[in-house]
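Novice: The lines below spell out each chain.
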Amino acid sequence: MSSNSSAQSPVKSTGLHIGDAAPGVAKVDPIIIADNVTRTFGGLKAVDVDHLEVPRGAITALIGPNGAGKTTLFNLLTGFDKPDTGTWTFDGKRLNGVPAFRVARMGQVRTFQLTKALGLLTVLENMKLGAQKQTGENMFSSLIKPLWTKQESEIEERAMEILARFKLDTKKDDFAASLSGGQRKLLEMARALMSSPKLVMLDEPMAGVNPALTQSLLDHILNLKQEGMSVLFVEHDMHMVRHIADWVIVMAEGRVVAEGDPHTVMEDPAVIDAYLGSHQDVDLGVVTGRISGEKTAEAEELLAEIDAEVGLTDSAAYSADPEKNEDTK
Amino acid sequence: MDWESILSNTASWLISPETIAYALAALGLAVHFGYGGLLNFGMAGFMALGAYGYAISILTFGLPWWAGILVGMLASVVFAFILGIPTLRLRADYLAIVTIAAAEIVRLLFTTQVFDSVTNSADGLGNYHAGFRAANPFPEGTYGFGPWTYNANGWWVRVFGIGLLIIAALLVFLLMRSPWGRVLKGIREDEDAVRALGKNVFAYKMQALIVGGLFGALGGVVFALPSAVVPSVYVTSLTFFIWTILLLGGAATVFGPILGAVIFWVIMGFLSNVLPAMASSGLLPFMSTTQAATLRFILVGAALMLIVIFRPQGILGNKKELTFVKQ
Ligand SMILES: Nc1ncnc2c1ncn2[C@@H]1O[C@H](COP(=O)(O)OP(=O)(O)OP(=O)(O)O)[C@@H](O)[C@H]1O
Ligand SMILES: [Mg+2]
Numbered sequence: 147m148s149s150n151s152s153a154q155s156p157v158k159s160t161g162l163h164i165g166d167a168a169p170g171v172a173k174v175d176p177i178i179i180a181d182n183v184t185r186t187f188g189g190l191k192a193v194d195v196d197h198l199e200v201p202r203g204a205i206t207a208l209i210g211p212n213g214a215g216k217t218t219l220f221n222l223l224t225g226f227d228k229p230d231t232g233t234w235t236f237d238g239k240r241l242n243g244v245p246a247f248r249v250a251r252m253g254q255v256r257t258f259q260l261t262k263a264l265g266l267l268t269v270l271e272n273m274k275l276g277a278q279k280q281t282g283e284n285m286f287s288s289l290i291k292p293l294w295t296k297q298e299s300e301i302e303e304r305a306m307e308i309l310a311r312f313k314l315d316t317k318k319d320d321f322a323a324s325l326s327g328g329q330r331k332l333l334e335m336a337r338a339l340m341s342s343p344k345l346v347m348l349d350e351p352m353a354g355v356n357p358a359l360t361q362s363l364l365d366h367i368l369n370l371k372q373e374g375m376s377v378l379f380v381e382h383d384m385h386m387v388r389h390i391a392d393w394v395i396v397m398a399e400g401r402v403v404a405e406g407d408p409h410t411v412m413e414d415p416a417v418i419d420a421y422l423g424s425h426q427d428v429d430l431g432v433v434t435g436r437i438s439g440e441k442t443a444e445a446e447e448l449l450a451e452i453d454a455e456v457g458l459t460d461s462a463a464y465s466a467d468p469e470k471n472e473d474t475k
Numbered sequence: 314m315d316w317e318s319i320l321s322n323t324a325s326w327l328i329s330p331e332t333i334a335y336a337l338a339a340l341g342l343a344v345h346f347g348y349g350g351l352l353n354f355g356m357a358g359f360m361a362l363g364a365y366g367y368a369i370s371i372l373t374f375g376l377p378w379w380a381g382i383l384v385g386m387l388a389s390v391v392f393a394f395i396l397g398i399p400t401l402r403l404r405a406d407y408l409a410i411v412t413i414a415a416a417e418i419v420r421l422l423f424t425t426q427v428f429d430s431v432t433n434s435a436d437g438l439g440n441y442h443a444g445f446r447a448a449n450p451f452p453e454g455t456y457g458f459g460p461w462t463y464n465a466n467g468w469w470v471r472v473f474g475i476g477l478l479i480i481a482a483l484l485v486f487l488l489m490r491s492p493w494g495r496v497l498k499g500i501r502e503d504e505d506a507v508r509a510l511g512k513n514v515f516a517y518k519m520q521a522l523i524v525g526g527l528f529g530a531l532g533g534v535v536f537a538l539p540s541a542v543v544p545s546v547y548v549t550s551l552t553f554f555i556w557t558i559l560l561l562g563g564a565a566t567v568f569g570p571i572l573g574a575v576i577f578w579v580i581m582g583f584l585s586n587v588l589p590a591m592a593s594s595g596l597l598p599f600m601s602t603t604q605a606a607t608l609r610f611i612l613v614g615a616a617l618m619l620i621v622i623f624r625p626q627g628i629l630g631n632k633k634e635l636t637f638v639k640q
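From first to last, the protein sequence lines are chains A and B. Note that the numbering used here numbers the first sequence so that position 268 is 414, with each residue one more than the last. Note that the numbering used here numbers the second sequence so that position 282 is 595, with each residue one more than the last.
To be clear, the hints were calculated from the coordinates, so they are not data collected in a lab. What you are looking at is a predicted structure, and each value in this text was computed from that prediction instead of being measured. From the three backbone atoms N, C-alpha and C, an ideal C-beta is built for every residue, glycine too. Possibly wrong hints are sitting among the right ones.
Listed below are the simulated SDA-like cross-link pairs for lysine to any residue, each with C-alpha atoms no more than 20 Å apart in a straight line [claimed, not checked]:
| no. | chain 1 | residue 1 | chain 2 | residue 2 |
| --- | --- | --- | --- | --- |
| 1 | A | K318 | B | R490 |
| 2 | A | K296 | B | M489 |
| 3 | A | K228 | A | V244 |
| 4 | A | K318 | B | N631 |
| 5 | A | K291 | B | A482 |
| 6 | A | K291 | B | I480 |
| 7 | A | K318 | A | T295 |
| 8 | A | K291 | B | I479 |
| 9 | A | K296 | B | L487 |
| 10 | A | K228 | A | L190 |
Counterexamples of contact, computed for chain B against chain A with all Cβ distances above 10 Å [what the hints assert, rightly or not]:
| no. | residue |
| --- | --- |
| 11 | W379 |
| 12 | I398 |
| 13 | Q426 |
| 14 | S430 |
| 15 | T455 |
| 16 | F583 |
| 17 | L597 |
| 18 | S601 |
| 19 | Q604 |
| 20 | R609 |
| 21 | V613 |
| 22 | L629 |
Sequences and hints are given; from them, build the entire structure.
Specialist: What follows is the structure, encoded as structure tokens:
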């Protein structure tokens, strides 16, 4: 299933929202509902979200230019940072003020933009750490091995299963520190899956992953949906977003500026404005994929597409164009 | 130079109560730093609490010797809570600063005149041995062989200390092969990652601080068992000797701290015999015998630097499991 799911276009979930797709639109079956969440750093309002719902059982992309507040929002929703104001629920339970480890236990796990592989643990140990409700993790029962060996071997079996899916099974006894950057991304994602989460939040899962691996990562993410999990991921590569996301939330300067299915959202003038209009200094690679040098052709294609569809004649896209041409020379 | 007496004196350090006490404390530090990544620079404080807890319980409160040990352990648990609750949520270096200061506070509290009636301030405590010696199962007399010839009390202290050390090492071994140890090692690597996997990082760090602190307190007890409680022992340099031992043997190992303590004391014993002998036979010009004896501390400092630079994982540590040099 996983190997060919990307060959043809993945099946998109539709009918996720109620009413017109606008920032903060209500969802038929939301897994996260956030209200009035703000977080300031000094004078900077990094996150300022009035209302946001993340649909259940779907793949939602969170996009926006650098510094839009995506990671900060992730940190807030997962309890790694404290908001100035705001309330939010996960799966119907209130989450604000709940410490990060409890959030994870409730089934909302995350990965980090800067990968956090546990370097001096082996790949397998990294994986086992992800499993929940381990008897052997209690200090007193850890002393008596028979209390936890059975569970341990079950966990190991599951870990090897997931590792095999991520093609890391041959590395199981290597220190995570010896993995390449892309492999660490894979490991971090695989480790998060050990807890059988309800919602997986991935912060730039593709950053630094080579195209061949990207393909298999995409498959993994699509598989998560098939297994009934919800996915919320941050990504700068618009092709990938188009390819797998059922829903796209666009942030800029801390606010949600647009929402919708991938194709509609990318034609939204507010989105183009967020990426180009108010950020003409931002490299165009941000819009069209991380590796601007390699993706020039694609980038131009996308831009042309956007222009054609929105009918921008003298838009910011044009004014930014020569800049990019110079960059890639 | 009298090589026979130098070597015999040196060999006796192999199983001296000091060696055992330092090994226990280093084992505690292995739990803190080697496995948990906790920068505890207050091991001397934990040891002082063990030693004073033991002596004061017997002298002031008339408790039996074994209850004295329990009081010393309890005191270290309380100390761990006081240190841990405000600092374990903060970055690792805050714990380092707080522990080094807290250990000094502990020592100064034991040294101050205010509690003279209980602590005997700067003079320290002694003459609390009756209970422990009465429990001695060894027959009267002096026995053993070569440099390891002791009287009944000497054997009782050593055997008791080694017993504690074996139990402690076994506990560390059992803990660190378990999923509990896995979480702790994960916290050492990156606590946010472990948090994101649903583990209560604060609770694990607290447990590690308590377990390691208990071993430190037991080290203090063993240190106090044969002789007296001398406040000037529990200074910051004691903490750094324990660190030297830990890094020498291997921070994330069970036997490293024990091996480190043995090597440390055997070398210290050797130097404290050989340096003054060299000075008095004119091999170390410009130095009196007292100065020569102090030279060993300089050598220990240099050794610590060399270890950290050239073998950061210690003697028994896995080459890849560097605790100082992160890849
Ligand atoms: N700990 C912090 N202290 C001060 N400012 C911060 C902090 N974290 C984030 N910011 C600021 O908040 C804003 C949002 O940052 P955030 O990391 O959420 O952006 P992002 O959308 O994830 O960007 P990117 O796509 O580059 O990862 C930025 O302007 C950043 O400088
Ligand atoms: Mg980010």
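Novice: With reference to the structure, classify each hint as holding or not holding.
Specialist: Now the hints, each set against the structure:
no., hint, verdict
1, A:K318 / B:R490, "holds, 17 Å"
2, A:K296 / B:M489, "holds, 18 Å"
3, A:K228 / A:V244, "holds, 10 Å"
4, A:K318 / B:N631, "holds, 18 Å"
5, A:K291 / B:A482, "holds, 16 Å"
6, A:K291 / B:I480, "holds, 17 Å"
7, A:K318 / A:T295, "holds, 19 Å"
8, A:K291 / B:I479, "holds, 19 Å"
9, A:K296 / B:L487, "holds, 17 Å"
10, A:K228 / A:L190, "holds, 15 Å"
11, W379, "holds, 22 Å"
12, I398, "holds, 15 Å"
13, Q426, "holds, 41 Å"
14, S430, "holds, 39 Å"
15, T455, "holds, 39 Å"
16, F583, "holds, 35 Å"
17, L597, "holds, 43 Å"
18, S601, "holds, 47 Å"
19, Q604, "holds, 43 Å"
20, R609, "holds, 34 Å"
21, V613, "holds, 28 Å"
22, L629, "holds, 15 Å"
Violated hints are absent here; each numbered hint is respected by the structure.
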